[in-house]
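Asker: What follows is the residue order along each chain.
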Amino acid sequence: MAEDIATKLQNYRTAPFDARFPNQNQTRNCFYNYLDYHRCQKSLDAKGVDTAPCDWYKRVYKSLCPMSWIQKWDDQRAEGTFPGKI
Amino acid sequence: MAHQAHAYHMVDPSPWPLTGAIAALLLTSGTAIWFHFHSLVLVTAGMILLILTMIQWWRDIIREGTFQGHHTPPVQKGLRYGMILFITSEVFFFLGFFWAFYHSSLAPTPELGGCWPPTGIITLDPFEVPLLNTAVLLASGVTVTWAHHSIMEGERKQAIQSLTLTILLGFYFTFLQAMEYYEAPFTIADGVYGSTFFVATGFHGLHVIIGSTFLAVCLLRQIQYHFTSQHHFGFEAAAWYWHFVDVVWLFLYVSIYWWGS
Numbered sequence: 000m001a002e003d004i005a006t007k008l009q010n011y012r013t014a015p016f017d018a019r020f021p022n023q024n025q026t027r028n029c030f031y032n033y034l035d036y037h038r039c040q041k042s043l044d045a046k047g048v049d050t051a052p053c054d055w056y057k058r059v060y061k062s063l064c065p066m067s068w069i070q071k072w073d074d075q076r077a078e079g080t081f082p083g084k085i
Numbered sequence: 000m001a002h003q004a005h006a007y008h009m010v011d012p013s014p015w016p017l018t019g020a021i022a023a024l025l026l027t028s029g030t031a032i033w034f035h036f037h038s039l040v041l042v043t044a045g046m047i048l049l050i051l052t053m054i055q056w057w058r059d060i061i062r063e064g065t066f067q068g069h070h071t072p073p074v075q076k077g078l079r080y081g082m083i084l085f086i087t088s089e090v091f092f093f094l095g096f097f098w099a100f101y102h103s104s105l106a107p108t109p110e111l112g113g114c115w116p117p118t119g120i121i122t123l124d125p126f127e128v129p130l131l132n133t134a135v136l137l138a139s140g141v142t143v144t145w146a147h148h149s150i151m152e153g154e155r156k157q158a159i160q161s162l163t164l165t166i167l168l169g170f171y172f173t174f175l176q177a178m179e180y181y182e183a184p185f186t187i188a189d190g191v192y193g194s195t196f197f198v199a200t201g202f203h204g205l206h207v208i209i210g211s212t213f214l215a216v217c218l219l220r221q222i223q224y225h226f227t228s229q230h231h232f233g234f235e236a237a238a239w240y241w242h243f244v245d246v247v248w249l250f251l252y253v254s255i256y257w258w259g260s
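Protein chains in written order, with numbering that gives the first Met the number 0: chain A, 0 to 85; chain B, 0 to 260.
If you're looking for bench data, these hints aren't it; they were derived computationally from the structure. The reader is advised that the hints may include incorrect statements.
When the alpha-carbon atoms are kept at most 16 angstroms apart in a straight line, the in silico EDC-like pairs for lysine to aspartate or glutamate are as follows [claimed, not checked]: (1) A:LYS41 - A:ASP73; (2) A:LYS71 - B:GLU110; (3) A:LYS84 - A:ASP17; (4) A:LYS41 - A:ASP54; (5) A:LYS84 - B:GLU179; (6) A:LYS57 - A:ASP73.
As the structure is a prediction and not an experimental result, all values here were calculated from the model.
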């Protein structure tokens with residue numbers, strides 16, 4: 000897919016099929032995209048580069064994850080108790 | 000009939016199965032009472048009755064076999080089958096806890112951080128005390144085999160020495176493991192890591208204590224001339240049990256201590 004990230008984000012409707020998570024239980028899909036967004040943010044920020052490509056992960060996890068999970072994980076990150084490695 | 004015309008052992012009536020069943024009832028209900036109402040009375044009564052049942056039942060078996068000659072070859076064969084089936088059931092018991100461990104560790108949930116060991120768990124170094132424990136149990140497997148050969152060859156003093164050494168190694172393992180439990184940076188309440196670790200290793204430790212006790216009884220019997228070079232099934236059963244305990248440890252060590260770190 001040679002189209003750039005801005006076009007992909009513009010055409011985004013919902014989370015596409017991800018062969019890494021082929022089964023009914025999509026928990027890991029949600030969690031990994033949440034992690035990937037924040038890891039992407041952290042590493043691109045550190046390099047001083049534009050973080051727009053990270054928004055893909057954000058769109059995916061916003062589509063997939065229950066809002067209560069996102070809220071809980073955001074609260075944990077603010078508190079410093081989030082168990083995932085970012 | 001005036002006398003039995005077969006080689007099997009028709010056991011005399013005994014109260015111990017009943018007292019054992021009563022002990023089981025007291026232990027189970029007692030545990031529930033302890034959990035809800037903080038009383039240890041029933042559980043203590045159950046433990047005392049259980050210990051008395053075991054002592055007297057197995058004492059009677061020794062009397063029937065060693066002193067009264069009821070353990071003919073077919074009877075001994077039945078006892079062998081029995082011990083093998085019992086150990087097999089114990090294998091399945093441990094299989095359950097290994098299943099639990101692998102269920103949680105192969106696909107760690109987001110609550111754990113999606114990783115194993117979970118975030119925040121400081122694991123024990125598998126190459127420190129756990130490795131020593133492995134060496135201790137493997138050595139005890141050698142000494143118990145030495146004891147067996149000594150008994151078969153009629154070497155009374157060596158049998159006593161090697162059996163004593165086996166028991167001492169068993170005690171050393173228990174002591175080291177108790178130290179590890181005390182010093183561990185995590186507890187049984189620390190998520191699924193703590194649960195799987197302490198339940199699996201805890202039941203194993205209990206089996207080490209049971210096995211050591213069984214071997215100690217064999218040592219006392221050996222000192223009192225119960226075993227012959229041809230017939231010493233009580234010792235063989237203890238040795239099988241001890242090897243089983245050793246094998247379970249090896250699986251625990253590789254799965255939980257080594258891979259799981």
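Asker: Decide, hint by hint, whether the structure agrees.
Answerer: Hint check:
At roughly 15 angstroms between alpha-carbon atoms, A:LYS41 and A:ASP73 fall within 16 angstroms of each other, so this suggested pair holds. For the proposed pair A:LYS71 and B:GLU110, the alpha carbon gap of about 11 angstroms is at most 16 angstroms, so the pair holds. Distance check on the hinted pair: A:LYS84 and A:ASP17 sit about 22 angstroms apart at the alpha-carbon level, beyond 16 angstroms; violated. Simply put, A:LYS41 and A:ASP54 have alpha-carbon atoms about 13 angstroms apart, close enough for the 16 angstroms limit, and the pair holds.
Note on A:LYS84 and B:GLU179: the hinted pairing is violated, with a Cα-Cα distance of about 28 angstroms set against a maximum of 16 angstroms. Distance hint between A:LYS57 and A:ASP73 is fulfilled; the C-alpha atoms sit about 13 angstroms from each other, no more than 16 angstroms.
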